[in-house]
Amino acid sequence: MDRQHIATFPNRGGRRLVGIVHEPLDHARRDVGILLLSPGVKNRVGPHRLYNKLAAECASLGFWVLRFDFDGLGDSEGEVVEPLLADFYASIQVGRYVDDTRCAMDWMRRTYGIPRFVLGGLCGGAITGLLAADDDAAVAGLLGLGIPVILDGSNVDRLRNLTAGQMGAMRSRYVRKLLSPAAWRRLLTFRTDFRLLARVLSSSRPTPPQSAAPAGVAPSPATGDNTNPHFAPALLRMVSSGRPVLLVFGGADRLYFEYKEKFLARHEAQAAGSASLDVAVVEQANHVFTFGAWQDQVLATSRSWLMTRFPMPETAGAATGSDAVRRAGHRQ
Amino acid sequence: MLETPLFFDRGSVRLFGVWHQHTGPEARLPFVFCHPMAEEKLWAHRVWVGFARELCSRGHHVLRFDCAGNGDSDLAFRQSSIETAMADIDAAVQFAKGQSGSPTVGLLGLRLGASLAYRVAARRADVESLVLWGPIVKGPRYLQELLRINLTTQTAVYGVIQEDRDDLLRTLAAGGTVNVDGYEFSKAMADQLDGLDLLKEPPAASERSLVVQIERAAAAKPFPELAALTAPLRNASVCVVQEEPFWKEIPRFYQKAPSLFECTLRWLGYD
Chain A
0 MDRQHIATFP
10 NRGGRRLVGI
20 VHEPLDHARR
30 DVGILLLSPG
40 VKNRVGPHRL
50 YNKLAAECAS
60 LGFWVLRFDF
70 DGLGDSEGEV
80 VEPLLADFYA
90 SIQVGRYVDD
100 TRCAMDWMRR
110 TYGIPRFVLG
120 GLCGGAITGL
130 LAADDDAAVA
140 GLLGLGIPVI
150 LDGSNVDRLR
160 NLTAGQMGAM
170 RSRYVRKLLS
180 PAAWRRLLTF
190 RTDFRLLARV
200 LSSSRPTPPQ
210 SAAPAGVAPS
220 PATGDNTNPH
230 FAPALLRMVS
240 SGRPVLLVFG
250 GADRLYFEYK
260 EKFLARHEAQ
270 AAGSASLDVA
280 VVEQANHVFT
290 FGAWQDQVLA
300 TSRSWLMTRF
310 PMPETAGAAT
320 GSDAVRRAGH
330 RQ
Chain B
0 MLETPLFFDR
10 GSVRLFGVWH
20 QHTGPEARLP
30 FVFCHPMAEE
40 KLWAHRVWVG
50 FARELCSRGH
60 HVLRFDCAGN
70 GDSDLAFRQS
80 SIETAMADID
90 AAVQFAKGQS
100 GSPTVGLLGL
110 RLGASLAYRV
120 AARRADVESL
130 VLWGPIVKGP
140 RYLQELLRIN
150 LTTQTAVYGV
160 IQEDRDDLLR
170 TLAAGGTVNV
180 DGYEFSKAMA
190 DQLDGLDLLK
200 EPPAASERSL
210 VVQIERAAAA
220 KPFPELAALT
230 APLRNASVCV
240 VQEEPFWKEI
250 PRFYQKAPSL
260 FECTLRWLGY
270 D
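Top to bottom, those sequences are chains A and B. Taken in order, the first sequence gives residues 0 to 331; the numbers are from numbering that gives the first Met the number 0. Taken in order, the second sequence gives residues 0 to 270; the numbers are from numbering that gives the first Met the number 0.
Okay, chain A solo, but in the shape it has when bound (with noise of 0.2 angstroms):
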């Protein structure tokens, strides 16, 4: 159970934040708290309201929890100049908004004295709060849902940089169709995408992965790779510092198979050496984890992942939630 507030405050630009705190009822602690970062333009509410399931799910074990809108997204202020969206996801993933998590998290501070936090989000979400965890020990953990190991942007060329196992899996789709009309239909009065059809026939093996840039080492543009230069560095320092990180993956989201190749076969040694790295993947799941089933499973691995790395301490539960709203003449 928990209670709703109102929040805002101001960014580094001086523009009001608009978001929402869960006051957990039971067992609040106050060690650490979550904070959901908005996933690209969707609000804080994040797609079929999943932020509002999760940040539920969190103040049910005692988590304060801020979901908030980022300068220019949902209700807060500010304006998104980029007028296509591919070029505002590219500014994401480099990190346009590592400082409006940190004004949050300052916020969250000196409104009800938390002093850490696990960043949590989906995709625009969960990239923002790794790169907002590097080199700011406020950051206690990281909860990435479907988080892109690639940058977007109008100029990338979408099919150049198809994973293997995307290939794979539309090919799969490919030779189902084989024996539906509709898609005969669609190949005969040309509305069929004949580049990624061709793509995708002319690569009967799967591409290994480039491996040529070592751990840390940004691929150079020159081979189109277009993996995020800050990714696997962001990754690898958060989890060698030992904090826990959790990705979670649709296992049908083809920002699953770029997390394979992209960042795993390149850096597995020392992926698969961190004790604070944990990956879980949702079968069958898209990338938003539409069906209800999935947002189940989402719900529980990330509530065993919270019970388990941020176990309760002791002292919790002396302080209700409403004790600390008190105490920060916070008005409801």
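A portion of the hints provided could be inaccurate.
Quick look at which bits of chain B chain A covers, simulated, 3 or more residues with Cβ under 8 angstroms [unchecked claim]:
hint	region
1	29-36
2	68-82
3	88-101
4	130-144
5	157-169
6	235-244
7	250-262
Worth flagging that the hints you see were computed from the coordinates, not collected in a lab. All residues carry an ideal CB built from backbone N, CA and C; glycine is no exception.
Following the hints, complete the assembly by docking chain B onto the known chain A.
Here is chain B on its own, set in the frame of chain A:
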């Protein structure tokens, strides 16, 4: 202009809203915005915010709010329906009147929110102006669109359709829910959508109305059903504007819909 995020009540249900308060000397007609449902609401959000700010800068107070089961309001989506959403709009109108001191309001809705605004305006005498952006006139057709989204998701993740349209309808008939973009649509919602036909319902009682058809292609002709919708209304007009369907995922990030805004502001008397 002041923007105040807040909660207000509809009985025991708490609704989230943002009150855009005009701080100049003379406030004009306050508007209540009626959002599209489920994921359409999220994609359209910044257009919503942008137009609220436009109106507020011209002297209107605006209440944007989340219907129960949406956004930051109470209830799970499966507990919501057309009826609960209309009750929410009623509560929002009362709230806006109380906040502004105005005896009347304007309603502005998008997609299904526009349909609900129309219905609410048919049973209330205090809706002075009605603005419908891309209203859903026929609920059954919209319901079929929603089912198609479920089928598309199945195809994308499983490669095949495991539950076809008839299976989904049987699930609803048996009291189950159907997942659309992650939202669980209930039998009540589906039944009430199936019974939605604005052309067969009592007309909105507003003093003036604007119906906007939003089209991707330039020079699209007005839908006859929108002309039929406005026929029984007082001082009503139809306008066709060219915009991308910003309530869906599209390559562009829509924060403002210039043609839509211009058409609506002109109708409201602004150059």
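If you look at each residue in the region 235-244 of chain B, do at least three have a Cβ nearer than 8 angstroms to any Cβ of chain A? Since three or more residues must qualify, the claim that chain A covers the region 235-244 of chain B is violated, with 0 doing so at under 8 angstroms.
Mind taking a look at whether chain A covers the region 157-169 of chain B? Criterion is 3 or more residues with CB to CB distance under 8 angstroms. As far as the region 157-169 of chain B goes, the hint holds, because 3 residues have Cβ atoms under 8 angstroms from chain A.
Annotated coverage of the region 250-262 of chain B by chain A, confirmed only when three residues or more have a Cβ within 8 angstroms: holds (count 4)
Within the region 130-144 of chain B, is the number of residues with a Cβ closer than 8 angstroms to a Cβ of chain A three or more? With 0 residues close enough to chain A, the hint is violated.
For the region 88-101 of chain B, do three or more residues have a beta carbon lying closer than 8 angstroms to a beta carbon of chain A? Coverage by chain A is violated for the region 88-101 of chain B (0 residues, Cβ < 8 angstroms).
Are 3 or more residues of the region 68-82 of chain B near chain A, judged by a Cβ distance of less than 8 angstroms? holds (count 4)
Taking a Cβ-to-Cβ distance below 8 angstroms as contact, does the region 29-36 of chain B have at least three residues touching chain A? violated (count 0)
The earlier numbered hints that this structure contradicts are 1, 3, 4 and 6.
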